[in-house]
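Student: With these hints in hand, go ahead and build the complete structure from the sequences.
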Amino acid sequence: MEQKGQTKASRLRELLATRTVGIPGAFNALIAMQIEKAGYETVYVSGAALSACRGIPDTGLLTLSDVAAEAGRIAQAVSIPAIVDADTGYGGPMAVREAVTSFERAGLAGMQIEDQEMAKKCGHLSGKRLIPVAEMASKIEEAARAKIDRDFMIIARTDARGVEGLEATITRAATYAEAGADALFPEALESADEFQTFAKEVKKAGIALPLIANMTEFGKTPLLSCGEFETMGYRGVLFPVTTLRTALRAIGELLAELKLFGTQRDWLHHMMTRQELYDLLRYTESLERREGRMDGNGNEQAGD
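Quick note: the sequence shown uses this note's numbering, first residue 590, plus one each step.
Be aware that one or more of the hints could be misleading.
As the list claims (entries may be wrong) - Straight-line distance between alpha carbons at most 20 angstroms, and here's what the computed EDC-like set of lysine to aspartate or glutamate pairs gives:
1) K809 - D782
2) K789 - E817
3) K793 - E842
Said to hold, decoys possible - Computed spacing ranges between beta-carbons, pair by pair:
4) R694 - G628: 27 to 35 angstroms
5) E756 - S875: 35 to 43 angstroms
6) Q864 - G628: 32 to 40 angstroms
7) G628 - E706: 35 to 43 angstroms
8) K792 - T596: 25 to 33 angstroms
9) T835 - A684: 32 to 40 angstroms
Worth flagging that the hints you see were computed from the coordinates, not collected in a lab. Because the structure is a prediction, the values reported are computed rather than measured. Ideal Cβ positions, reconstructed from N, Cα and C, are used throughout, including at glycine.
Tutor: Here it is, written out as structure tokens:
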């Protein structure tokens, strides 16, 4: 729960400094509201999921304006902090500066940038290409300087594991920490031992930043639990496309049966009811406010 005077960015920073949290991905505002209702304390906005919702692959085709608009709608729909996937930062250091400004203005609590070249690939595909370490460090430095709210978090993701190996992943992460990153995210590690080694080595280097793990499905990384990551010292565990993949599978199965049988009767128990959807959207409260019976805080106003 956000405390009085506390920003969403400061809440996110506090969360990642104190305990391990699971962070599901939301591909629109309604899913973010479900995530908050389920009791999660933060939400992730995946570039892959937003791209998929536009019917395009995750190859860096979305613009900053595209992502800031949708991520802003997600962030503003919930009271919990939201982290946005900013891919490669949309260009060089000056583009990254503009991204920080745009995402802060949109209400995000933090953003993630990665060290792939701009013509990026999904982090769990082979054939990725990285920018030089110094270039990524410059992006992080500019991002850190651009922050208005000093608690806004810059999460530095490195995709080096599949290109340069685990040792280079650790070296790059250390450089990014020195450049001003607020959290470190080693992408596409291939075993629990690699996650453990990464955590031990960055700690040995004197780096005390929160560590982020990506539990995307069907990729190069084995699926580990939040509890396992807590034991290893990770603070954020992302489930970036889990909600989207689940929704797509369910919709596909529904459509197949609807086409076959011509009715959705057998699917009603799988559906959110009309009232449940109204409750999630605070539909009744909205009507009552419109009719002047309730204030903006959900309290009934006294009559004449």
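Student: Hint by hint, say whether it matches the structure.
Tutor: Going through the hints against the structure:
Among the hinted pairs, K809 with D782 is consistent with the structure: their alpha-carbon atoms are about 14 angstroms apart, no more than 20 angstroms. Between K789 and E817, the direct Cα distance comes to roughly 15 angstroms. Compliance with the 20 angstroms bound is thereby established for this hinted pair. At roughly 49 angstroms between alpha-carbon atoms, K793 and E842 are farther apart than 20 angstroms, so this suggested pair is violated. For R694 and G628, the Cβ-Cβ distance of about 28 angstroms falls inside the hinted range of 27 to 35 angstroms, so the restraint holds.
E756 and S875 have their C-beta atoms about 55 angstroms apart, which leaves the hinted 35 to 43 angstroms range violated. Checked against the hint of 32 to 40 angstroms, the C-beta distance between Q864 and G628 comes to roughly 21 angstroms, which is inconsistent with it. A hinted range of 35 to 43 angstroms for the beta carbons of G628 and E706 is consistent with their spacing of about 39 angstroms. At roughly 28 angstroms, the beta carbons of K792 and T596 sit within the given window of 25 to 33 angstroms.
For the pair T835 and A684, the supplied restraint of 32 to 40 angstroms holds, since their beta-carbon distance comes to about 34 angstroms.
Violated hints for the displayed structure, listed by number in ascending order: 3, 5, 6.
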